[in-house]
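Q: Chain by chain, the residues run as shown.
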Amino acid sequence: MSLLKLDNVTIRFGGLIAVDKVNLTVEQGEILSLIGPNGAGKSTIFNLITGIYSPTEGNIYFEDRSIGSKKPYHLAAAGIARTFQTIHLFNNLTVLDNVLIGAHTRGKWNVTGALLKFTPWVRGEERELTEWAYDCLERVNLADKADELAMNLSYGAQRRLEIARGLAVRPKLLLLDEPAAGMNPQEKATLLKMVKAIRDSGVTIFLVEHDMKFVMSISERISVLDYGVKIAEGPPEAIRSNPKVIEAYLGKGAVNSA
Amino acid sequence: MAEVLQSISNSIDPYILQIFVNIGIAIILALGLNLITGVTGQLDLGHAAYMSVGAFTAAIITINLNLPFSINLLIAGTIAALVGLAIGFPILRLTGDYFAIATLGFAEILKVVFLNLDITNRALGLSVPPANTTIPMPFYVWMITILVIVGVTFIQNSRFGRALKAIREDEIAAETMGINSTRYKNQAFAIGCFLAGIGGGLYAHFIAYINPSDFAFMKSIDILNMVVLGGLGSIPGAIVGASVLTVAPEFLRFMSEYRMLVYGALLVFLMVFRPNGLLGGVDFRKMVLRIFFGKKEKKPNVTIKAR
Ligand SMILES: Nc1ncnc2c1ncn2[C@@H]1O[C@H](COP(=O)(O)OP(=O)(O)O)[C@@H](O)[C@H]1O
Ligand SMILES: [Mg+2]
Chain A
7 MSLLKLDNVT
17 IRFGGLIAVD
27 KVNLTVEQGE
37 ILSLIGPNGA
47 GKSTIFNLIT
57 GIYSPTEGNI
67 YFEDRSIGSK
77 KPYHLAAAGI
87 ARTFQTIHLF
97 NNLTVLDNVL
107 IGAHTRGKWN
117 VTGALLKFTP
127 WVRGEERELT
137 EWAYDCLERV
147 NLADKADELA
157 MNLSYGAQRR
167 LEIARGLAVR
177 PKLLLLDEPA
187 AGMNPQEKAT
197 LLKMVKAIRD
207 SGVTIFLVEH
217 DMKFVMSISE
227 RISVLDYGVK
237 IAEGPPEAIR
247 SNPKVIEAYL
257 GKGAVNSA
Chain B
263 MAEVLQSISN
273 SIDPYILQIF
283 VNIGIAIILA
293 LGLNLITGVT
303 GQLDLGHAAY
313 MSVGAFTAAI
323 ITINLNLPFS
333 INLLIAGTIA
343 ALVGLAIGFP
353 ILRLTGDYFA
363 IATLGFAEIL
373 KVVFLNLDIT
383 NRALGLSVPP
393 ANTTIPMPFY
403 VWMITILVIV
413 GVTFIQNSRF
423 GRALKAIRED
433 EIAAETMGIN
443 STRYKNQAFA
453 IGCFLAGIGG
463 GLYAHFIAYI
473 NPSDFAFMKS
483 IDILNMVVLG
493 GLGSIPGAIV
503 GASVLTVAPE
513 FLRFMSEYRM
523 LVYGALLVFL
533 MVFRPNGLLG
543 GVDFRKMVLR
553 IFFGKKEKKP
563 NVTIKAR
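Note that the protein sequences, when read in sequence, are chains A and B. All letters in the first sequence, in the order written, are residues 7 to 264 by the working numbering. All letters in the second sequence, in the order written, are residues 263 to 569 by the working numbering.
Since the hints were derived computationally from the structure, they do not count as laboratory data. All values reported here derive from a predicted model rather than from experimental measurement. Even for Gly, the Cβ is constructed at its ideal location relative to N, Cα and C. Any given hint could turn out to be false.
[What the hints assert, rightly or not] Label pairs and their computed distance ranges (CB to CB): (1) A:LEU22 <-> B:TYR520: 56 to 62 Å; (2) A:ARG18 <-> B:GLU370: 38 to 44 Å; (3) B:PRO352 <-> A:SER247: 24 to 30 Å.
[To be verified] Taking beta-carbon pairs under 10 Å as the criterion, some of the chain A residues facing chain B (in silico): (4) THR56; (5) LEU81; (6) ILE86; (7) PHE96; (8) ASP103; (9) ALA109; (10) HIS110; (11) GLY119; (12) ARG171; (13) MET200; (14) ALA203.
Given the sequences, and given the hints that come with them, work out the whole structure.
A: Here's what the structure looks like:
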């Protein structure tokens with residue numbers, strides 16, 4: 007059983023076919039990367055998996071259940087978390103609150119809980135959530151910044167906070183949309199270790215990234231997308247020398263001269 | 263007990279007492295709107311309408327049934343919340359400006375309905391008999407004000423409150439974290455309307471005469487001003503905003519018709535120098551720590567976007 011399966015997924019925006027009959031699976035426990043030129047439809051695929059868009063045609067299965075028509079909040083509860091290509095943090099809230107919101111589905115007290123704030127049950131839940139949030143922050147080296155506002159973090163730290171917030175969902179599948187974008191080489195090296203550690207803790211990783219060095223050294227498999235169509239898939243070595251991939255990235259003619 | 267309270271309230275200058283009570287009611291209204299607009303980020307331009315629902319409900323209950331005032335207020339708040347839900351349910355799916363315009367429109371509709379119903383005595387308005395309670399109104403109002411302050415403080419600092427703030431900050435990210443934003447927005451809206459209903463019920467019995475035109479667009483804007491002046495999302499801010507804007511017109515009374523001009527100028531001034539409101543971006547926990555324990559406060563630099 008694949009953890010995630012895209013079955014002939016197509017999405018159209020007006021006349022534009024952003025994702026075109028894509029078949030793709032993510033296997034339990036792997037790190038799969040999705041690469042392709044800008045505008046290829048990578049982020050759109052993430053938006054489809056997380057319920058922000060619904061496929062025009064085809065369907066998506068998570069643990070063999072159809073999720074094509076589910077809302078984003080259903081999918082978090084089902085065990086899918088993500089980060090965004092353009093940072094979508096809760097800017098005016100603290101780092102800790104950002105992660106606590108990530109842990110939303112792990113709590114249950116709502117309005118009544120708010121009014122019963124000082125009862126042992128509600129306090130117990132708050133304490134558990136806070137401990138869990140700190141665990142997640144530690145995994146991305148941000149525990150010491152817990153009280154800062156998210157907006158005051160450096161760019162690299164904001165990207166890591168998005169990962170911590172995603173981890174707080176306690177996902178089975180974590181989608182990372184260009185996690186290394188805007189990071190310096192040192193930060194990228196640290197990030198590489200973090201992502202591997204997250205995978206080793208049992209979270210399946212599906213990531214989009216432009217930095218080829220990063221992708222080649224972290225992925226077990228790579229899928230390549232071009233104009234919404236999946237043009238190749240395989241282990242890093244095979245992708246590196248695949249003529250279709252080189253053509254997509256460097257244009258026609260590059261294959262012969264390469 | 264009741265006699266003691268009565269003699270205390272009798273010994274205070276009635277004018278001062280009236281301002282004091284008006285402040286309490288304004289705080290309740292501002293905190294309700296703050297939950298909707300400041301915390302959840304949904305710009306509500308018709309909050310006075312829910313206040314009017316509470317005011318008329320409570321007045322009609324006292325006139326016809328004379329139920330104990332606390333029960334009366336609970337019913338008034340609940341009806342206001344239900345009306346709020348009936349209006350909010352279809353329109354909370356709208357984003358930004360559309361939601362704001364829809365709240366404004368529905369508020370006007372409600373006003374016109376009240377102006378044409380027999381039970382609200384049409385444009386003549388209702389005279390409201392004294393509330394069925396032995397506690398004098400000023401104490402009653404402030405008892406409830408304090409309960410409301412405590413209640414909304416609990417709400418804002420809970421898992422529920424965090425979800426509301428998440429929706430304000432970034433609705434898509436909030437949904438991706440498992441928050442059903444439509445449901446939470448409706449709940450916040452219902453609570454805000456409930457508080458407006460309670461505030462309206464208190465107002466009706468304190469003023470003793472209500473007219474649908476008392477709850478027109480300008481009243482909604484007054485309440486919104488209190489929240490914005492204090493700082494969107496801030497409870498101490500809403501309290502200060504409600505107090506200042508209740509007292510300010512009294513001080514400006516000598517200017518008679520120029521008073522609204524000055525009032526407007528003051529607000530413009532504020533928006534220029536403190537765009538986040540008087541207390542916007544002030545973290546009270548940190549401030550108290552700093553004042554009493556000398557801990558350093560990190561500069562917050564908050565800009566809450568009103569959408
Ligand atoms: N909501 C939308 N409406 C219209 N077009 C969209 C929308 N979202 C994405 N697109 C288009 O779909 C294509 C794929 O975009 P995207 O998935 O963001 O690419 P990338 O592979 O760079 O992440 C682009 O041409 C983009 O303009
Ligand atoms: Mg993208």
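Q: All hints, please: hold or fail.
A: Hint-by-hint comparison with the structure:
1. A:LEU22 <-> B:TYR520: 56 to 62 Å: holds (58 Å)
2. A:ARG18 <-> B:GLU370: 38 to 44 Å: The hint (38 to 44 Å, Cβ to Cβ) holds, given that ARG18 of chain A and GLU370 of chain B are roughly 41 Å apart.
3. B:PRO352 <-> A:SER247: 24 to 30 Å: violated (57 Å)
4. THR56: At 6 Å from the nearest chain B Cβ, THR56 of chain A passes the 10 Å test, so the hint holds.
5. LEU81: holds (8 Å)
6. ILE86: holds (9 Å)
7. PHE96: Holds - the Cβ of PHE96 of chain A comes within 10 Å of chain B, reaching about 4 Å at its closest.
8. ASP103: holds (6 Å)
9. ALA109: Given a least distance of 8 Å, the restraint on ALA109 of chain A holds.
10. HIS110: Nearest chain B Cβ about 5 Å off; hint holds.
11. GLY119: holds (6 Å)
12. ARG171: Constraint on ARG171 of chain A satisfied, holds at 7 Å.
13. MET200: violated (20 Å)
14. ALA203: violated (22 Å)
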